[in-house]
Amino acid sequence: MTHSTKAGHYPAPMRFLLLLSALAIGACSILSGDQKTKLPNIVVLFADDLGWGDLGCYGNPVIRTPRLDRLAQQGMRFTDFHSASPACSASRYGLLTGRYPHHSGFGWVLFPGNEKGLAASETTVAEALRQRGYATAIFGKWHLGDHPGVLPLDHGFDEYFGLPYSNDMLAGRPGTDYPEIPLYSNESVVERSPDQSTLTRRYTEHAIDFIRRNQERPFFLYVPYAMPHIPLHPGREFAGNSPRGTYGDVIEEIDWSAGAISDTLKELGLAKNTLFLFTSDNGPWIIKGENGGSSGPLMDGKGSSWEGGHRVPAIAWWPGTIEPGGICRELSSTLDLLPTALELSASPETGLALDGRSLLPLLQGNRWEDERVLLINGPGNEIHGVRRGGWKLLVKTNSQTGVVPHQGKVPLLFDLHRDPGERRDQSSSNPEVLEELLALLPE
3 MTHSTKAGHY
13 PAPMRFLLLL
23 SALAIGACSI
33 LSGDQKTKLP
43 NIVVLFADDL
53 GWGDLGCYGN
63 PVIRTPRLDR
73 LAQQGMRFTD
83 FHSASPACSA
93 SRYGLLTGRY
103 PHHSGFGWVL
113 FPGNEKGLAA
123 SETTVAEALR
133 QRGYATAIFG
143 KWHLGDHPGV
153 LPLDHGFDEY
163 FGLPYSNDML
173 AGRPGTDYPE
183 IPLYSNESVV
193 ERSPDQSTLT
203 RRYTEHAIDF
213 IRRNQERPFF
223 LYVPYAMPHI
233 PLHPGREFAG
243 NSPRGTYGDV
253 IEEIDWSAGA
263 ISDTLKELGL
273 AKNTLFLFTS
283 DNGPWIIKGE
293 NGGSSGPLMD
303 GKGSSWEGGH
313 RVPAIAWWPG
323 TIEPGGICRE
333 LSSTLDLLPT
343 ALELSASPET
353 GLALDGRSLL
363 PLLQGNRWED
373 ERVLLINGPG
383 NEIHGVRRGG
393 WKLLVKTNSQ
403 TGVVPHQGKV
413 PLLFDLHRDP
423 GERRDQSSSN
433 PEVLEELLAL
443 LPE
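Numbering of the sequence shown is given in the working numbering, commencing with residue 3 and proceeding in unit increments.
If you are wondering where the hints come from, they were derived from the structure by calculation, not from laboratory data.
Do not rely on the hints blindly, as some may be mistaken.
[To be verified] The calculated EDC-like cross-link candidates involving lysine to aspartate or glutamate, where the alpha carbons are at most 20 angstroms apart (straight line), are: (1) Lys411 <-> Glu434; (2) Lys398 <-> Glu445; (3) Lys274 <-> Asp71; (4) Lys118 <-> Asp156; (5) Lys268 <-> Glu218.
Construct the entire structure; sequences and hints are all you get.
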C-alpha cells in the first residue's frame, strides 16, 4: 500500500508514489534527541493576492519586509513555487487537499450563499494531522463554502476564527444582495461587518495564543490572511507608513505578523521542531494599479495561466533542518503541503489519491530525481497547460490585463529556465518537446 501522489489523468503517476516505509524513515531521520517525543509542528501563513515581486527578498525595492527577508536568509526561498490555481477558492482547495482543483466540483471562486463547498468526501491536511494527534486551527479566510457542513470545523480544524470568504464580498456591493460579511468564531457568527483594519492583528493574536496553548503537543496552524486582497485595510500602527502606499502598508503588517509568530516559536523553544511555510494563494491583482501588487519579471497576474498568475513567493524556515540561505529552483507547489505533512507525521496508509509530492527532499537541500510534471489550472478549473521541468505548454490562454503578447495563439511552448517572462514561443523550434508535453494533458 502506498500514499498515491497521482498526477491527474496523465501518464506515469507511479513515479509520484510515496512508500509507507519512506514516510516512517523520512520522519524519523529529521528528528533527533528529545524531538523524537513530539512530531513536527507545521505552520502555514497564506497571503491573499501577494505577487512574486512584492517582498524584499524577491527584489521589491520599496516594500519593507525585514522579518520575511530574515526568515528567507535563515531558511529557504523558492523561485519556482506555484499555487494550485490563480484564483481564491480553487487555490485553497489545492493547498488543503493536495489535489488539482478540477477535482473539487466547484468553480474558481465561491460567493456568499453558494450551495457548493468543500465536499465531505475530501480529506484535508487538518483532518489527516488530527488523526495523528495534532491540534489544528485556522485563523483567517476560509473561502471553501459558507454554510453548515462545509466550514472549517467540518473539515478537521479544532478552532476557527475568521471570514468565510473574500473581504470584498460586502453588503451593498453593486449588483449583489450579499449579507453583511460575518466573522466566525468556531461555528458561531460573533460579528457582522468587522473592522477589517483589525483582522491581521487579531489573526496573529489568535495564532500566538494557539501556539502557547498547544506547545506540549504537535500542532498544525493555518493563517490565511485577508490581505493584500482589496479592499486594503492596514492596521492603525501600519497605516501611512509604507512608501508604497496602502498596498505596502498591509504587506508590511503581514511581515510583522510573520515575525511575531516565528518569534513565538523561538521563545517557546519550538522553532527547531516546526516547519514554517509562507506563501500566497495566487499572483497579484495588477489591474488595480497602486492597490495591486507586482509579479516582478513574470507575465500577467492573478486569474491568468501565465506565470504571474500562479508562480508565487514561498519561504520555508526550519532551524536545524533547513540550511540557512537556501534557494530552491525546483518546480514545486502548494499541492505539496498535504504529502509533506503525511511524511512528517509518519502517517499510516490513507489511500488518498494526491497530485502533490512531499517537499522534504527539497527542504533537505536535494533535487527531484525526475522532471516534475504539474498541470496548469485555468478559469472554471479547466486545464490550460502543463509544466515538465523547465518546459511550459499552454493550450489555452487568458489574461488579466489583456495586453499579453501571445494572447490567443496556441499551442505555446516556453523554456522557463531561460525565459521566465514567457516572451519567446519555442513551439516551432522544439516540435518533439511540444508533442511530449501535449501527451501529458488529460484527455
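Inset, instruction - Could you grab the alpha-carbon distance between Lys268 and Glu218 and see if it respects the 20 angstroms cut-off? - result: With a Cα-Cα distance of about 14 angstroms, the restraint between Lys268 and Glu218 holds, given a limit of 20 angstroms.
Legend entry - Given hint Asp156 paired with Lys118 - CA-CA distance at most 20 angstroms: 14 angstroms, holds
Legend entry - Pairwise hint evaluation, Glu434 against Lys411, where the allowed Cα distance is 20 angstroms at most: Between Lys411 and Glu434 the Cα gap is close to 19 angstroms, so the pair holds against 20 angstroms.
Inset, instruction - Take a quick look at whether Lys398 and Glu445 sit within 20 angstroms of each other, Cα to Cα. - result: Holds, at roughly 15 angstroms.
Legend entry - Given hint Asp71 paired with Lys274 - CA-CA distance at most 20 angstroms: Satisfied, since the Cα-Cα distance of roughly 19 angstroms is no more than 20 angstroms.
Hint compliance for this structure: no hint is broken.
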